[in-house]
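S.K.: Residues per chain are reported as follows:
Protein chains: 2
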Amino acid sequence: MPTGIVNEMELLSKNINELLEQKKLFDIKRLVNDLHPADVAELMTFFDRDNQVVLFRLLQKDMAIAVFEQLDFERQENLLNSFTDDKVSEILNYMSPDDLTELLDELPAKVVKKLLYLLNPDQRNMASLLLGYRENSAGRIMNPGYIDLKENYTIAQALERIRKLSPPEDMIYTAYVTDIQRHLIGIITLRDLILSTPEKKVTEIMDTDVVFVSTDDDQELVARNIQKYDLLSLPVVDHEHRLVGVVTVDDAIDIIEEEATEDIHRLAAIQTTEDEYLHSTVMQKVRNRILWLVALLLGGMVTSFIIQNQSALIQTVVSLSFFIPALINTGGNVGSQSTSIMVRGIALNEVDSRNIFKIALKESLVGSILGGLLGLVGFFRVLLLRESSMIGIIVGISIWVVVFVSNLIGIIIPLFLKKMKFDPALSATPVITTIVDMIGVFLYFQIARIFIGF
Amino acid sequence: MPTGIVNEMELLSKNINELLEQKKLFDIKRLVNDLHPADVAELMTFFDRDNQVVLFRLLQKDMAIAVFEQLDFERQENLLNSFTDDKVSEILNYMSPDDLTELLDELPAKVVKKLLYLLNPDQRNMASLLLGYRENSAGRIMNPGYIDLKENYTIAQALERIRKLSPPEDMIYTAYVTDIQRHLIGIITLRDLILSTPEKKVTEIMDTDVVFVSTDDDQELVARNIQKYDLLSLPVVDHEHRLVGVVTVDDAIDIIEEEATEDIHRLAAIQTTEDEYLHSTVMQKVRNRILWLVALLLGGMVTSFIIQNQSALIQTVVSLSFFIPALINTGGNVGSQSTSIMVRGIALNEVDSRNIFKIALKESLVGSILGGLLGLVGFFRVLLLRESSMIGIIVGISIWVVVFVSNLIGIIIPLFLKKMKFDPALSATPVITTIVDMIGVFLYFQIARIFIGF
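Top to bottom, those sequences are chains A and B. Taking UniProt numbering, the leading residue of the first sequence gets 1, the next gets one more, and so forth. Taking UniProt numbering, the leading residue of the second sequence gets 1, the next gets one more, and so forth.
Simulated from the structure, these hints should not be mistaken for lab results. Possibly wrong hints are sitting among the right ones.
Which copy is meant is left open, so a pair is good if it fits within one copy or across any two.
[Claimed, not checked] Each computed DSS-like pair below joins lysine-lysine, with the alpha-carbon atoms no more than 30 Å apart:
1. K164 with K150
2. K362 with K23
3. K61 with K201
4. K150 with K87
5. K419 with K358
6. K164 with K201
7. K61 with K110
8. K164 with K421
9. K14 with K61
10. K358 with K164
11. K14 with K421
12. K14 with K228
13. K200 with K164
14. K61 with K114
15. K14 with K419
16. K24 with K228
17. K113 with K23
18. K14 with K362
19. K14 with K358
20. K362 with K228
21. K87 with K14
22. K228 with K87
23. K362 with K421
24. K87 with K114
25. K23 with K61
26. K29 with K228
Generate coordinates for the entire structure from the input sequences, incorporating the hints supplied.
M.R.: In structure tokens, the structure reads:
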């Protein structure tokens, strides 16, 4: 199954398509129920909405719930719309609380209200509780179904309780010891339980130095803690330090991926959404991009204004205008390189503002060297275009200065945003480019004036 | 410890600094040995090289090894250089094989040869074996220390074996059933073992539908499988389907993060390295960036050449030159948006070339709408700069056309690279910008000629 998955999935989808045409539903049923739920969820992407519903109806109950949890939101919504209330409540009541919250999160408030009536009281209370926490907070993404042990348990009793609860794979390997007020006082892994003698007390072998987060903490902090401490699950406590849920490592992977996507999109000046590419409409796509583009175009017009003010100089030395694009692009490229390095460095905690002077000094050097080399290349390239060596010198020196300045701007803006508690990725490449353009053409004409004596 | 970690670390580092000055080494020793190894590793980033060595010497043996495994490569190298051979071999012989391989990977061949002599025979064989696999392959990053069970074991015997091996937390929760030739025939989780009756055979409860990878598979596929199937560890088999190692979920997180960093850097036209920002020298930084910058500058000079060919037109209508930066920047911004969306979509498997026509059609619509809106904004902005409405119309229409074309180019190049089996992220934003510039100014002058009748 694993290597070259996509190709196998494509083959499988073709097989199923043929079987669908021949109405051999029983064969399809046997085929899909043998797969891993994650594979069935992927298989769904190969079919249109109607056939997704047909396929889903062929799944056995446990499989259906596991597949449903793995589908993306648009496909979940499509299925819910095509089912009877009975079928909907059957699925929703067996979903794990964190996946259910994620789904309800995405649906319109009106639909959520309707769906809440289809839940059993336990599931409904759980969903309302989790939906009460701030978006992207630990409370919103946690699963309240952890294993709790009492202080006075022996190892044998602890194992007995775990067997009785028999939680799923992702929740079973860490148990939490709580006192009477449900305060988190220690953790104990299934590893330690089975390596220990049954008569010992859990308090003897538990680890009291617990890493935890609070319900208000951001999901990124949750994921970073799981990554840093190599945890399988991380406990979440409320304001009174009472244990209320856990976040598991599989969620941490998805969060880290989501945050990287957000950074990449922000760096390209795109408003972040959680829509998958293929499932957002044309107007959604336009909306996510237009605001930044208009702002940047208006910003870019400042550059036009600066050039307009130099029209007399351009009329006299037309060739000055030829090199504006090469000059500002080089500035933009250097700036986007240094911004990306800095934004990623900050995200990975490799860089922070306590080193700001050391970084600025180092980058000044990097900028000077890069600028010097590029200026030389620019100088010779201008001569090759049969322009005067005077123009070559102006272009060469301008490139040097602009590269130096752009490099520093690309470093300083993300660090500044970070210090002001904004997301450093907001110093998107296009923003840097627009700023660098203005400074670049301004410096270019000043340098030209010095050499031409205009 | 967890919330607001950086601040706590900063405080702690200041405390330790004071204690260092007062030579109160015993107090420091008690302080650091009480921390989580991941925290000590982070704490190290606050100290200079010499003090890192002092701190490290204060760690108890187990702690020292755990901390060493978590340090980045530069700090590991620094410590190794300052230790005696005895101390070096003490650390290296107790490192987990995957972390050791990662370290040896980074060191110069000469140093590796010397270090291999300091390893005990087992560890040396292990390291040589792993280093024999291709870089970034499953074989290179796997840990050969898995739990193997024989087919005829009972559950009680299986648990007995696990207790005897007592592997660390990340390796204990999944056991692998192999036949006499070490072929992987099934997996069994510790969950299933403890929920089952002791008399049963492992073959009765094992899962034979195993997700696995081969030693040659790329680390990205490894991580994607762990993520997709929500695994705690993924078995790696050789060409004869014999089990040779496992990769654990904590490694998958790091791989996914590493791949995201690589994409972000490639998108900004930076050669990828695994150096941390603060630990690469000025010349390394210059080397990682200069090649692309020179290539792009030379590419950008083609745009200068195109404008040069229009010098007669510019001399007549100087104001045409004012709007070149705004025009090409808008094109560049749109292109970098669509490239980033596409590169990330491909990385997350949301998009692939089987949908290429559907995507192109949708993006044509998106491009037309974005271009129309931006063209209008551009038109009015030109009028505000007191230019003629003729110039306004030329700029407006040019923006429209350029946005449409840039958007499509930004989509098509990554899809094309993907189809040709290159990394889509090589269609870096600056590359798109340079291509868009050339096409943009060419179209601009053609449109101007039509309206001015030059």
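S.K.: A separate judgement is required for each hint: does it hold in the structure or not?
M.R.: Each hint, compared with the structure:
1. K164 with K150: This pair counts as both: shortest intra-copy Cα distance 15 Å, inter-copy 28 Å.
2. K362 with K23: Result: close neither inside a copy nor across copies, 68 Å intra and 32 Å inter.
3. K61 with K201: between (40 Å within a copy, 28 Å between copies)
4. K150 with K87: Cα proximity of K150 and K87: none, with 38 Å in one copy and 43 Å across.
5. K419 with K358: Classified as within: same-chain Cα gap 16 Å, cross-chain 43 Å, threshold 30 Å.
6. K164 with K201: Answer is both: 19 Å inside a copy and 22 Å across each meet the 30 Å cutoff.
7. K61 with K110: Answer is within; shortest intra-copy Cα gap is 27 Å, inter-copy 59 Å.
8. K164 with K421: neither (46 Å within a copy, 50 Å between copies)
9. K14 with K61: within (25 Å within a copy, 58 Å between copies)
10. K358 with K164: This pair counts as neither: shortest intra-copy Cα distance 57 Å, inter-copy 51 Å.
11. K14 with K421: between (50 Å within a copy, 23 Å between copies)
12. K14 with K228: Result: close only across copies, 22 Å inter versus 43 Å intra.
13. K200 with K164: both (20 Å within a copy, 19 Å between copies)
14. K61 with K114: within (23 Å within a copy, 59 Å between copies)
15. K14 with K419: Result: close only across copies, 20 Å inter versus 53 Å intra.
16. K24 with K228: For K24 and K228, only the inter-copy Cα distance (29 Å) is at most 30 Å; the intra-copy one is 50 Å.
17. K113 with K23: Result: close neither inside a copy nor across copies, 38 Å intra and 65 Å inter.
18. K14 with K362: between (56 Å within a copy, 25 Å between copies)
19. K14 with K358: between (58 Å within a copy, 19 Å between copies)
20. K362 with K228: Answer is within; shortest intra-copy Cα gap is 28 Å, inter-copy 41 Å.
21. K87 with K14: Within one copy only: 28 Å inside, 60 Å across.
22. K228 with K87: between (41 Å within a copy, 26 Å between copies)
23. K362 with K421: Answer is within; shortest intra-copy Cα gap is 24 Å, inter-copy 37 Å.
24. K87 with K114: Intra 14 Å, inter 66 Å, cutoff 30 Å: intra-copy only.
25. K23 with K61: Within one copy, since 22 Å is at most 30 Å while 66 Å is not.
26. K29 with K228: between (43 Å within a copy, 22 Å between copies)
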